[in-house]
Structures are given as C-alpha cells and as structure tokens.
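Asks: Chain residues, written in single-letter form:
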Amino acid sequence: MYKIAAIGDQESVLAFEAFGLLAVPCDSPQAAAKAMRKIADECAVIFLTEQLAAQMPAEIAKYEERVTPAVILIPSVKGSLGIGMNAISSAVERAVGVNVFADSEDA
Amino acid sequence: MARMNVNPTRMVLTTLKRQLKTAVRGHKLLKDKRDELMKEFLDLARENKILRKEVEEELMRVYSSFTIAGALMSPQMLTEALMASTFSVGVDVATKNVMSVNVPVFTATQEEGSKANIYPYGFAATSSELDAAIKAMSEVFPRMLELAEKEKQAALMAEEIEKTRRRVNALEYVKIPQLSETIRYIRMKLDENERGSQTRLMKVKDMIAVEAIQERRQETEAAIAAYERSV
Chain A
1 MYKIAAIGDQ ESVLAFEAFG LLAVPCDSPQ AAAKAMRKIA DECAVIFLTE QLAAQMPAEI
61 AKYEERVTPA VILIPSVKGS LGIGMNAISS AVERAVGVNV FADSEDA
Chain B
108 MARMNVNPTR MVLTTLKRQL KTAVRGHKLL KDKRDELMKE FLDLARENKI LRKEVEEELM
168 RVYSSFTIAG ALMSPQMLTE ALMASTFSVG VDVATKNVMS VNVPVFTATQ EEGSKANIYP
228 YGFAATSSEL DAAIKAMSEV FPRMLELAEK EKQAALMAEE IEKTRRRVNA LEYVKIPQLS
288 ETIRYIRMKL DENERGSQTR LMKVKDMIAV EAIQERRQET EAAIAAYERS V
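First to last, the protein sequences are chains A and B. Numbering follows the working numbering, with no gaps: position 1 of the first sequence is 1. The number in the working numbering is simply the position in the second sequence, starting from 1, with 107 added.
The reader is advised that the hints may include incorrect statements.
No farther apart than 30 Å at their CA atoms in a straight line, the calculated lysine-lysine pairs in the BS3-like style are these [stated by the list, open to error]:
{"no.": "1", "chain 1": "B", "residue 1": "Lys-124", "chain 2": "B", "residue 2": "Lys-310"}
{"no.": "2", "chain 1": "A", "residue 1": "Lys-62", "chain 2": "B", "residue 2": "Lys-124"}
{"no.": "3", "chain 1": "B", "residue 1": "Lys-146", "chain 2": "B", "residue 2": "Lys-124"}
{"no.": "4", "chain 1": "A", "residue 1": "Lys-78", "chain 2": "A", "residue 2": "Lys-38"}
{"no.": "5", "chain 1": "B", "residue 1": "Lys-128", "chain 2": "A", "residue 2": "Lys-62"}
{"no.": "6", "chain 1": "A", "residue 1": "Lys-78", "chain 2": "B", "residue 2": "Lys-140"}
{"no.": "7", "chain 1": "B", "residue 1": "Lys-296", "chain 2": "A", "residue 2": "Lys-62"}
{"no.": "8", "chain 1": "B", "residue 1": "Lys-124", "chain 2": "A", "residue 2": "Lys-38"}
{"no.": "9", "chain 1": "B", "residue 1": "Lys-270", "chain 2": "B", "residue 2": "Lys-203"}
{"no.": "10", "chain 1": "B", "residue 1": "Lys-156", "chain 2": "B", "residue 2": "Lys-128"}
{"no.": "11", "chain 1": "B", "residue 1": "Lys-156", "chain 2": "A", "residue 2": "Lys-78"}
{"no.": "12", "chain 1": "A", "residue 1": "Lys-62", "chain 2": "B", "residue 2": "Lys-138"}
Derived by calculation from the structure, the hints in this document are not laboratory data.
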C-alpha cells in the first residue's frame with residue numbers, strides 16, 4: 001500500500017489535502033525537489049503542479065524510468081501551462097519518431 | 108559496408124553463418140515486438156490525451172470551488188476543518204507485463220480505520236461550498252488515478268519502444284549487412300584458395316608428367332645406344 005502525494009503551492013494542494021492525500025506545500029522548485037526525493041519511495045503517485053515542474057525538469061526525469069513513483073503533472077490554481085499535454089506529445093515523438101498526433105492538437 | 112576483421116577460415120564461416128541466422132531471427136522478433144508495442148502505445152497515448160484534457164478541466168473546476176469555499180470561510184477555519192482529515196487514500200500497485208515491459212496498475216484503497224466519510228469536519232462550522240468542493244474532488248480523483256496509471260504506462264512504453272527501435276535498426280542496418288558481407292568475403296576467399304590449389308595441383312601433375320616423359324626418353328636413348336654398341 002503506497003501513499004499518494006501532491007506537491008505544489010499551498011492553494012493548489014489544499015484541495016488534495018482535504019481528500020486525504022499527502023499534501024506537501026512547496027514554494028520553490030528546490031523545496032519541491034527535496035520533498036520529492038524524501039517521499040519517492042513511499043509514494044506510488046506524486047501529483048506535481050506544472051508551475052513547479054516547469055522549473056525542475058531534471059528532477060522529474062530521474063523518476064521517468066522507474067515504475068514508481070509516477071510523477072504526474074497537474075495544473076495549479078493558476079491554470080494549465082500545457083506541460084502535461086506536451087509530455088504526452090513528446091512521449092509519442094520519442095516512441096514513433098514523429099508526433100503523429102500533431103495535427104489533432106489544433107482541433 | 109565494412110566487413111569484420113576475421114580470418115577467412117571455414118570455422119569462422121560456420122560461426123558467422125550461425126550468428127547471421129540468430130541476427131535475422133532476432134531482428135524479426137524485435138520488429139514484431141516493436142510493432143505490437145507501438146500499436147498498444149498509440150491507443151494508450153490517444154486515451155491518455157483525452158483523459159488528461161478532461162481531468163485538467165475538472166481539476167480547474169475543483170480548484171475554483173475550493174477558492175469559493177475559501178472565500179466564504181476564514182483561512183483558519185478552512186485549515187482547521189481540513190486538518191482532522193480522517194479519510195486517507197492510498198494506492199495499491201500491481202505490475203502488468205505488456206510485451207515484456209513492466210507497467211504499473213494502480214488501485215485506490217482507503218487506509219484502514221478511516222471512515223467512509225469523505226468530509227473530515229462537522230457541518231456546523233463549515234459552508235456547503237466546502238462540501239461541494241470536496242465532493243467534486245472525490246469525483247475527479249479516480250480519474251486522476253487513471254490518468255496517472257495511463258501516463259506512467261505510456262512513458263515506460265515509449266522508452267521501451269525507443270530502445271527496441273534502436274535495436275531493430277542496429278540489426279537491420281549494421282549487424283546483418285556486416286555479417287552477410289563478411290560471409291561473402293570468406294566464401295570468395297575460400298573459393299579463391301580452392302581454385303589456387305587446383306591450379307597448383309594441375310601444374311604439379313604436368314611437371315610430374317614432363318619428368319616421366321624425359322625419363323622414358325632417356326631410357327629409350329640409353330637402350331638405343333646400347334643396341335648400337337653391341338652391333
């Protein structure tokens with residue numbers, strides 16, 4: 001049984017805390033990276049706000065090849081930056097060589 | 108294509124032939140694996156994309172309802188209400204094997220001892236907006252978990268596809284041509300050697316024949332000389 005964590009700014013993680021997730025309010029990407037390292041082994045899913053994720057791509061890449069934890073980007077209260085969407089596109093591009101969904105993006 | 112630096116012997120030829128056979132077979136298998144993975148991956152990525160879009164939208168709604176709840180209550184009250192959260196969710200992780208890629212499967216669980224009640228507070232001091240916000244959260248949560256699962260699976264599969272594709276290409280464009288080139292080279296060399304020794308043998312045979320003829324001639328001449336002397 002693993003925990004589910006949410007890392008992000010105070011306002012964004014509040015919603016997750018209310019639902020019983022392990023909420024880690026972080027203001028800086030450094031703090032978020034540190035928190036992530038700390039909880040990486042006991043959490044299977046870490047929801048990370050895009051605002052923080054944008055500033056710590058190297059840290060996220062570390063977890064990419066591991067089965068757990070799954071670092072999943074979510075929009076923060078300030079709105080979506082589209083990084084999560086881009087991650088899917090880049091995964092497709094990585095696998096196929098070209099982004100086969102590129103044209104469907106405009107729709 | 109560069110051939111390998113090997114001795115052109117029959118033994119090496121046998122080894123290389125066996126290697127080529129393995130390489131061709133491996134290439135076919137990997138190609139099949141790549142195609143199958145690709146098929147699964149593309150389905151997954153397509154689902155993933157739709158799901159993410161929906162979850163992001165729903166999450167924004169949840170945030171705004173929390174903002175409303177926060178606006179109607181004082182921050183202290185809100186924190187206090189949520190502090191005593193009795194409801195705790197966790198996740199069970201199983202792994203599934205898709206074409207030799209281990210991908211996680213998440214199942215949400217409630218921590219033991221937690222009540223089925225998702226509202227961690229008494230209703231007296233809180234607004235109904237907070238109830239609504241938490242309810243919205245509980246509705247979006249399973250989908251978030253599904254998203255997490257799909258996204259992780261897609262990421263792991265993308266990596267495996269990349270690796271497999273590299274292997275397929277390495278076999279197809281480097282290893283197999285190299286092997287066949289080397290095999291061809293050795294075969295030519297062996298054939299050439301055989302022709303060489305054949306010619307040599309013929310030459311030697313000729314030389315022996317010439318010697319024999321000369322011997323006979325000498326014998327005949329000697330015989331003629333002896334006969335003339337006796338006459």
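Asks: Given the hinted pair Lys-62/A and Lys-138/B, is their Cα-Cα distance within 30 Å?
Replies: It holds: about 29 Å lies between the C-alpha atoms, which stays within 30 Å.
Asks: Quickly compare the C-alpha distance for Lys-128/B and Lys-62/A to 30 Å and report which way the hint goes.
Replies: 38 Å, violated
Asks: Below or equal to 30 Å on CA atoms is what counts here, so check Lys-156/B against Lys-128/B.
Replies: Given pair Lys-156/B, Lys-128/B is violated - Cα atoms ~41 Å apart, limit 30 Å.
Asks: Measure nothing beyond the straight line between the CA atoms of Lys-156/B and Lys-78/A; if it is 30 Å or shorter, mark the hint as holding.
Replies: Between Lys-156/B and Lys-78/A the Cα gap is close to 21 Å, so the pair holds against 30 Å.
Asks: Checking one constraint from the list: CA of Lys-124/B to CA of Lys-38/A, max 30 Å. Satisfied?
Replies: With Cα atoms ~53 Å apart, Lys-124/B and Lys-38/A exceed 30 Å; violated.
Asks: Between Lys-270/B and Lys-203/B, does the CA-CA distance stay at or below 30 Å?
Replies: Holds - the C-alpha atoms of Lys-203/B and Lys-270/B are around 19 Å apart, at most 30 Å.
Asks: Holds or violated: Lys-62/A and Lys-124/B, Cα atoms, limit 30 Å.
Replies: 42 Å, violated
Asks: For the pair supplied as a hint, Lys-78/A and Lys-140/B, is the alpha-carbon distance within the 30 Å limit?
Replies: Not satisfied, since the Cα-Cα distance of roughly 42 Å exceeds 30 Å.
Asks: Regarding the pair Lys-124/B and Lys-310/B, is the alpha-carbon distance no greater than 30 Å?
Replies: 34 Å, violated
Asks: Within 30 Å, alpha carbon to alpha carbon, are Lys-78/A and Lys-38/A?
Replies: 26 Å, holds
Asks: Is Lys-296/B close enough to Lys-62/A, meaning Cα to Cα at most 30 Å?
Replies: Violated - the C-alpha atoms of Lys-62/A and Lys-296/B are around 52 Å apart, more than 30 Å.
Asks: Within 30 Å, alpha carbon to alpha carbon, are Lys-146/B and Lys-124/B?
Replies: 33 Å, violated
Violation of the numbered hints given earlier is confined to hints 1, 2, 3, 5, 6, 7, 8, 10; the remaining hints are satisfied by the structure.
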